[in-house]
Amino acid sequence: MDPIEQFEEWKEQASHLWRVAMDHLRHVPPTQLYAAAAIVVFTTVLLLSRLLKRAKANTIVLTGLSGSGKSVLFYQLRDGSTHQGTVTSMEPNEGTFVLHGETTKKGKIKAVHIVDVPGHSRLRPKLDEYLPQAAGVVFVVDALDFLPNCRAASEYLYDLLTKGSVVKKKVPLLILCNKTDKVTAHTKEFIRRQMEKEIDKLRTSRSAISEADITNEFTLGVPGEPFTFTQCSNKVTTAEASGLTGEISQLEEFIREHVKP
Amino acid sequence: MLEQLLIFTRGGLILWSCNEFGNALKGSPIDTLIRSCLLEERSGAASYNYDAPGAAYSLKWTFHNDLGLVFVAVYQRILHLLYVDDLLAMVKREFSQIYDPSKTFYGDFDEIFRQLKVEAEARAEDLKKANPLGGGVNKKQYHKAGSEGGSVGGRKSSNGALKNDGGDADADDAGGKKGHKLENGHSNVNFVAAKDANLKNSGSVNGKENESSNIGAFDVNKLQKLRAKGVNGKKAEAKVAPKAEPVKKATKKNRVWDDSPPEHESKLDFTDHVGDDGDRNVDFLAKEQGESMMDKEEVFSSDSETEEDEDERKNNKPDAKKKGWFSSMFQSIAGKTNLEKSDLEPALKALKDRLMTKNVAEEIAEKLCESVAASLEGKKLGSFTRISSTVQAAMEEALVRILTPRRSIDILRDVHTAKEQRKPYVVVFVGVNGVGKSTNLAKVAYWLQEHNVSVMMAACDTFRSGAVEQLRTHARRLQIPIFEKGYEKDPAVVAKEAIQEATRNGSDVVLVDTAGRMQDNEPLMRALSKLIYLNSPDLVLFVGEALVGNDAVDQLSKFNQKLADLSASSTPRLIDGILLTKFDTIDDKVGAALSMVYISGAPVMFVGCGQSYTDLKKLNVKSIVKTLLK
Numbered sequence: 001m002d003p004i005e006q007f008e009e010w011k012e013q014a015s016h017l018w019r020v021a022m023d024h025l026r027h028v029p030p031t032q033l034y035a036a037a038a039i040v041v042f043t044t045v046l047l048l049s050r051l052l053k054r055a056k057a058n059t060i061v062l063t064g065l066s067g068s069g070k071s072v073l074f075y076q077l078r079d080g081s082t083h084q085g086t087v088t089s090m091e092p093n094e095g096t097f098v099l100h101g102e103t104t105k106k107g108k109i110k111a112v113h114i115v116d117v118p119g120h121s122r123l124r125p126k127l128d129e130y131l132p133q134a135a136g137v138v139f140v141v142d143a144l145d146f147l148p149n150c151r152a153a154s155e156y157l158y159d160l161l162t163k164g165s166v167v168k169k170k171v172p173l174l175i176l177c178n179k180t181d182k183v184t185a186h187t188k189e190f191i192r193r194q195m196e197k198e199i200d201k202l203r204t205s206r207s208a209i210s211e212a213d214i215t216n217e218f219t220l221g222v223p224g225e226p227f228t229f230t231q232c233s234n235k236v237t238t239a240e241a242s243g244l245t246g247e248i249s250q251l252e253e254f255i256r257e258h259v260k261p
Numbered sequence: 001m002l003e004q005l006l007i008f009t010r011g012g013l014i015l016w017s018c019n020e021f022g023n024a025l026k027g028s029p030i031d032t033l034i035r036s037c038l039l040e041e042r043s044g045a046a047s048y049n050y051d052a053p054g055a056a057y058s059l060k061w062t063f064h065n066d067l068g069l070v071f072v073a074v075y076q077r078i079l080h081l082l083y084v085d086d087l088l089a090m091v092k093r094e095f096s097q098i099y100d101p102s103k104t105f106y107g108d109f110d111e112i113f114r115q116l117k118v119e120a121e122a123r124a125e126d127l128k129k130a131n132p133l134g135g136g137v138n139k140k141q142y143h144k145a146g147s148e149g150g151s152v153g154g155r156k157s158s159n160g161a162l163k164n165d166g167g168d169a170d171a172d173d174a175g176g177k178k179g180h181k182l183e184n185g186h187s188n189v190n191f192v193a194a195k196d197a198n199l200k201n202s203g204s205v206n207g208k209e210n211e212s213s214n215i216g217a218f219d220v221n222k223l224q225k226l227r228a229k230g231v232n233g234k235k236a237e238a239k240v241a242p243k244a245e246p247v248k249k250a251t252k253k254n255r256v257w258d259d260s261p262p263e264h265e266s267k268l269d270f271t272d273h274v275g276d277d278g279d280r281n282v283d284f285l286a287k288e289q290g291e292s293m294m295d296k297e298e299v300f301s302s303d304s305e306t307e308e309d310e311d312e313r314k315n316n317k318p319d320a321k322k323k324g325w326f327s328s329m330f331q332s333i334a335g336k337t338n339l340e341k342s343d344l345e346p347a348l349k350a351l352k353d354r355l356m357t358k359n360v361a362e363e364i365a366e367k368l369c370e371s372v373a374a375s376l377e378g379k380k381l382g383s384f385t386r387i388s389s390t391v392q393a394a395m396e397e398a399l400v401r402i403l404t405p406r407r408s409i410d411i412l413r414d415v416h417t418a419k420e421q422r423k424p425y426v427v428v429f430v431g432v433n434g435v436g437k438s439t440n441l442a443k444v445a446y447w448l449q450e451h452n453v454s455v456m457m458a459a460c461d462t463f464r465s466g467a468v469e470q471l472r473t474h475a476r477r478l479q480i481p482i483f484e485k486g487y488e489k490d491p492a493v494v495a496k497e498a499i500q501e502a503t504r505n506g507s508d509v510v511l512v513d514t515a516g517r518m519q520d521n522e523p524l525m526r527a528l529s530k531l532i533y534l535n536s537p538d539l540v541l542f543v544g545e546a547l548v549g550n551d552a553v554d555q556l557s558k559f560n561q562k563l564a565d566l567s568a569s570s571t572p573r574l575i576d577g578i579l580l581t582k583f584d585t586i587d588d589k590v591g592a593a594l595s596m597v598y599i600s601g602a603p604v605m606f607v608g609c610g611q612s613y614t615d616l617k618k619l620n621v622k623s624i625v626k627t628l629l630k
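As they're listed, the protein sequences go chains A and B.
When we follow UniProt numbering, the leftmost residue of the first sequence carries the number 1, and every step to the right adds one.
When we follow UniProt numbering, the leftmost residue of the second sequence carries the number 1, and every step to the right adds one.
Every clue listed holds true.
Straight-line C-alpha distance at most 30 Å; calculated DSBU-like pairs for lysine-lysine:
id : chain 1 : residue 1 : chain 2 : residue 2
1  : A       : 235       : A       : 169
2  : B       : 419       : B       : 485
3  : B       : 379       : B       : 341
4  : A       : 182       : B       : 26
5  : B       : 622       : A       : 169
6  : B       : 367       : B       : 618
7  : B       : 117       : B       : 379
8  : B       : 379       : B       : 352
9  : B       : 626       : B       : 589
10 : B       : 380       : A       : 126
11 : A       : 126       : B       : 379
12 : A       : 201       : A       : 169
13 : B       : 103       : A       : 110
14 : B       : 419       : A       : 197
15 : A       : 260       : B       : 103
16 : A       : 163       : B       : 419
17 : A       : 110       : A       : 168
18 : B       : 367       : B       : 558
19 : A       : 105       : B       : 103
20 : A       : 201       : B       : 622
21 : B       : 622       : A       : 126
22 : A       : 201       : B       : 618
23 : B       : 367       : B       : 352
24 : B       : 626       : A       : 168
25 : A       : 170       : A       : 188
26 : A       : 126       : B       : 630
27 : B       : 622       : A       : 170
28 : B       : 419       : A       : 201
29 : B       : 618       : A       : 197
30 : A       : 126       : B       : 352
31 : B       : 618       : A       : 169
32 : B       : 489       : B       : 558
33 : B       : 618       : A       : 126
34 : B       : 530       : B       : 485
By construction, these hints were calculated from the structure, which means they are not laboratory data.
Required output: the full structure, derived from the provided sequences and hints.
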């Protein structure tokens, strides 16, 4: 059958149904009608409020190189345990929950939406989906195996710090040095200094091609001065944690600071 | 023995691991599997081989896409465990019944697993006993295996019992040879490219269970035979090659390889007449051509995107109409329960054809579709979605993942690092004949020069007449120093001297031009391998033309293979990046980019898109993916 003919037929049917419905409505008492209208209004308001709530940024994004311990931190935050360990993530871990460390606290505690984005370079485009809603970004660095990965980590951090969604909204960033339970782990001061140095070098090479690179919309720091994280428009702090032993108090502090209970 | 069996979520949380084995795995096979196989869209392969010091594992896996679970079995490669596929399928079935997203500990699964394993082992034993008797079905299949696997030898045409033994012996043989090959350090990881035995198994499960496991085991056998054949074939090739070589050498020696060429040939070498008056007229500067297109921002208007989307919708509409307008709409509203392979096939076939019309090599399109199918099978289709759009979305994600560079492509950063270490950054351009190595070398030189990097060219194409003059012309126009040593020199030595020269005069980058060579030309590939081994460049750039279709796979894989096989060192240098040339001539047939990146794993670093020095661009992943799926 021709689709236009079909459509005409449908239209006829619809108008007929409409007439029947209107006839029916006239027989219904007005109180019932008002009740129905009230229910409709109530549900729409409820839906709208939920939608608005979602739009408000309360997401904490965990990011960093593959193998730095993001998934472990995620499960430490959620369940207070690493379960039986983790392997390389292929998809983001996502959850809205009350932090495990706060479940024993009294009073009403707001749940936090936490996303753990895989660090594998092939999966980095996923990060852009979550950044617009981010209330805070945690950049996890492996403090134990830092030096071989310093350049890759700094490049990733540079990309992150120059992303439009981060710069415009001034999303606070925490550089979290993970695995500090090990004796040979580097200190957070050392890591901060090394990354500043590395980013300073990146700045010169990236600014040369920044015009071509579509992803880097902003430049970092003050020209002519060595780069420090204090020059960033957003707040950059450093902290230490150990995902394996569950020493994550500084991370929890950061989350609570930016997602108010 | 099975070494380990893991069940984890796609998010990376281990839900259950078999703790009865106790012995820890050497190295990290699971992480390596995920990083270099599952995330590279190679999950359509049947198994994955992992080599750690002191251990050689084979890994098999299966997905439960709806629940987002991954099941991985690890076992010693020398043991050809027949029951692994079977066991994985059973574990998948049993575990998906007790899986609960909020639960993270499954202590009670230990008992179930033990039973499953005993069952699977018993079935494998039965199979072994049943095989020599040779049931009608078995025989038939073995004959099929013989014809499918190619005639390996007269042995294959004898009766079933003998064949089984032969198969085993072959497999062992293959294992031994492989082990030997690995000792040489030629390849640490190899994929067994064969249809997923597990998929086949589940497809024919409706028969008797015993029979189905037979088929599963048969698949494994066949696979091993194929593998054995592959190894044999390779060996044969290797045997033939040295034979062929001396003959070739005898004919070509006079011209190229000999240290003292005949008198009259020196006349061919005109390179000493640098700065002849005749050449003067090309001396004007090319500096005024404006900035290289590498630096220009590409603006994509959102208008065109939406337009394309609309076009797409229009294109898709007739498709849907064919199936019956109403039923497909009903299905899309209700949402289908679970996607099966048969549901996906038409959509995948259409997608594969579309990819192939865009000049993606057939092999690659096939593998990609298999991998997408593996990632979608068993998934629930959401309401208001069509299968074709779901498949398309999955494919798009896969394509973006493939084309996103795995390593940094910030060459300038690398150049600065090299500068700090006071040594020149060496880039070697390799590729087949006539793809535009010299032209694009000049473009790269121009781009680097624009960013205040001092460049030096090295003319190591000592093979083709006129190559040095061509490069010299470029050098003069760009006012770049060029290092040349005429035609009859060994390119590896020329490159070495060029790098020394660059270190002396403080050049930051040395761009080494090499002669074009076909991937099958053994002597030339050996020379290239020597050049790379001797000079250990910072970047080996493969120059390939975007016009190439199925040959892209052959070119890149052979280049990589030859560089690995012919190298003298134990850790050979492979291709680090790709320069795609003639990109302006192909319109929307951009498939070569995908084929090349998929087969080599190296990112596309530059795209040559015109005749002038400024026509060098970066690859825009988004636009490529959009064009591929248009």
